[in-house]
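J.: Those protein sequence lines, which keep their order, are chains R, V, H and U. With positions in the first sequence counted from 1, the corresponding number in the working numbering is that position plus 42. With positions in the second sequence counted from 1, the corresponding number in the working numbering is that position plus 42. With positions in the third sequence counted from 1, the corresponding number in the working numbering is that position plus 42. With positions in the fourth sequence counted from 1, the corresponding number in the working numbering is that position plus 42.
No false leads were slipped in.
Put simply, identical chains are the same to the list, so a pair is met inside one copy or across any two.
List of simulated lysine-lysine pairs, DSS-like, C-alpha gap at most 27 Å:
#, residue 1, residue 2
1, Lys-277, Lys-169
2, Lys-128, Lys-149
3, Lys-169, Lys-254
4, Lys-58, Lys-149
It is worth saying that the hints were derived from the structure and are not from the lab.
Protein chains: 4
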Amino acid sequence: MSTIRVTVWNEYRHEKQNEEIAEIYPDGMHEAIAAPLRTQPDMEVRTATLDEPEHGLTDEVLASTDVLTWWGHMAHGEVQDEIVDKVQGRVLDGMGLIVLHSGHFSKIFRRMMGTTCNLKWREAEEKERLWVVEPGHPIVDGIGEFIELEHTEMYGERFDIPQPDTLVFVSWFPGGEVFRSGCCFHRGRGKIFYFRPGHETFPIYYHRDVLKVITNAVRWAAPGEGPMPVFGNAKPLERL
Amino acid sequence: MSTIRVTVWNEYRHEKQNEEIAEIYPDGMHEAIAAPLRTQPDMEVRTATLDEPEHGLTDEVLASTDVLTWWGHMAHGEVQDEIVDKVQGRVLDGMGLIVLHSGHFSKIFRRMMGTTCNLKWREAEEKERLWVVEPGHPIVDGIGEFIELEHTEMYGERFDIPQPDTLVFVSWFPGGEVFRSGCCFHRGRGKIFYFRPGHETFPIYYHRDVLKVITNAVRWAAPGEGPMPVFGNAKPLERL
Amino acid sequence: MSTIRVTVWNEYRHEKQNEEIAEIYPDGMHEAIAAPLRTQPDMEVRTATLDEPEHGLTDEVLASTDVLTWWGHMAHGEVQDEIVDKVQGRVLDGMGLIVLHSGHFSKIFRRMMGTTCNLKWREAEEKERLWVVEPGHPIVDGIGEFIELEHTEMYGERFDIPQPDTLVFVSWFPGGEVFRSGCCFHRGRGKIFYFRPGHETFPIYYHRDVLKVITNAVRWAAPGEGPMPVFGNAKPLERL
Amino acid sequence: MSTIRVTVWNEYRHEKQNEEIAEIYPDGMHEAIAAPLRTQPDMEVRTATLDEPEHGLTDEVLASTDVLTWWGHMAHGEVQDEIVDKVQGRVLDGMGLIVLHSGHFSKIFRRMMGTTCNLKWREAEEKERLWVVEPGHPIVDGIGEFIELEHTEMYGERFDIPQPDTLVFVSWFPGGEVFRSGCCFHRGRGKIFYFRPGHETFPIYYHRDVLKVITNAVRWAAPGEGPMPVFGNAKPLERL
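Excised from the complex, chain R in its bound form (with noise of 0.2 Å):
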């Protein structure tokens, strides 16, 4: 068994400038996302953040991360294009990316996407019941039929995105709205989940089914150990 080095990326603001977000987060979100994969024996697990020198992610992080998780919300437009860069050159070469809620806005996840990555939100502190459309997916390990959560943000369909390659999850909200709530993609190498639970007002990452998603993600994402395409001019493999 290999160990998977996760790298957990959080923006980091609003914990920081709000009271009650700081009362459910009070170490940040980053921190409650980290601990229960700082438990698995297979992985080996640090964190970074926007404010950090290079948002945390050098180039011996990034080089040093085989997955990468994102939380950002309120600040996607501070991290820098130069950074965006090298975690999407990352992403190709095999790294595993995880994009968590309003993630979905993201400079990564829009560029990896190639479209808007936009959708319809709502904040009433609704019910979700995230449905599992796909259950011999390895994501829903030790997953029921559904996740239910008490008190979310609502986000609805249309959601911006190329269709997943895999559709592991549909979420159902109480106001009328379906979404798309966990999506697989293969991007060159990588893999990339996108997970909708989470939101910073409301206490989603201590949430058992939310945190073993998380988890099983990680591994289903974790770079293997497939071809290193070779590109550009090529002689031929027959005589022509």
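Based on the hints, put chains V, H and U in the right spot on chain R.
T.: Below, chains V, H and U alone, put in the same frame as chain R:
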């Protein structure tokens, strides 16, 4: 039958700089590509090229384009980012995009895909045989089991694109390579078709089947009348 | 504009056995479904029902059908396997197939999918809201962001089908469920569209949007003119 | 690390009827396929063959099989429909299925696909080069950019299968054909991998890379611990 407004875009540099290429395409590749489209009763065709102001893609032109075809090669870097932004926006709003041959490395295609779009290549005047793998797709109407091109540049896998929504053609080359050479994508409300054939030094855009596929692809990629999604803050549709 | 020959198939038992249903559909659901198609200038429409000889699907009828729509519920088991074989063969050859509502459990749909096609259901006269998740698809031409049906039977996930080639609609129900309610599949040279709306005890096949989607789906599923593949022993195309 | 219980199924007729084939596979192809799997610390391997009672696939065997590999060719018709029913049921419940080479025409594969699974073929001892088109997929762990087999039977497109959920390999043949030779499908809770290499008259199941892919595929196809869906009449989860 409503009219499809097609804009055939061409870099139009090789033809002006190289005599042999100018002999093959005396009016530029764009005119060769446009010619058969002009004969279609349901199409209205114009052309645009790199060295025109705004690359010929003014707001007026883009707003009145239903399907844009794109050929570029030696000057991808000269396409202004601002124009790429606008083209991307129009595709997401519903404009069809047909990317031809070396257009795989254009800013607009890489932007829409989120990947490097890199590949293997070789100029050895090789034969190409494009096999139809999805015979029920409208893009292959009127095409046989394969298309054969006597002299082409080779493109080989790994082609670094997201898995297409529908894979229509797979190419065979005598040097030992294969290539996913006809690929359909939905992005936003728009449809994108990548089609490999076409090289500046071969008269490929006079080939009956190549032109037939491009003509079919224009019809397939034409915008529909589906809903224009509403994004942003949304009131509940049900009583909360 | 070539003519699409449509055969609207209906089990036609509920309407003959239940007075309330007969009041809603006095000539059978097939006539309600056929009516708007008959007004299309590019369609030629006939109907067929279970209790006709060969279920109305003789070799002549099948050979001259471009798109077959299918509604069945209480008598799936009475459809002869020999007819199912023939319908499957025609779909693989290119005939379109539109499977409606309880047709999810028909022999032909289960045969084409390879799965149980099972689901959750409930008869509680619930509202259904079908959200468009792929607004660029021709099947949603002329449809808004969603379709609302006041009283329906509920179908809920897990819907045991292969992941659709394109997912077009996702349904919301007030009881807390979601459902992939508009699903496109390519099988052989044929196209299949599963569309959920429609129950014998509700006048759903008079709803403008439901009929619009069925009409669009008939056009989308109509056979193309792509190649008829040649199978079996093949001589080499190149010198070995 | 939990143990994966593998059953390697083989028709086992060619090896008994033809001396040359018996020389290549003295204990049957199943033993060649089983051998490297037996060396894996996380696998428990047994074999089953056509001429055993119930083809070696009793209820007990099926119930205790996590992944079933399938090789058949000359006697597909002798596999009892009742056993095919049971295997299909087990796949839908989560058992992995690896279909090898001429198994494309087996009852079970055609049943799972819903299509003819027909293709072109030729016995001319041709080379095959399998190109990896999805280098991030776990099935190609430890594989280079392509696998080369010196002498094979040719299979060519059109391969009449549904578009795979993930296309992993595309093959090149010197006679001018291409083939989708490594194809992943989800069906029910089960995963299916079709892998082309393998012919009774060539020692292909001793090839390092072929065996590596089969080993990887067994791990990929092993059942997960996702939810067992509940089907049928469902009480509402919300107050109606």
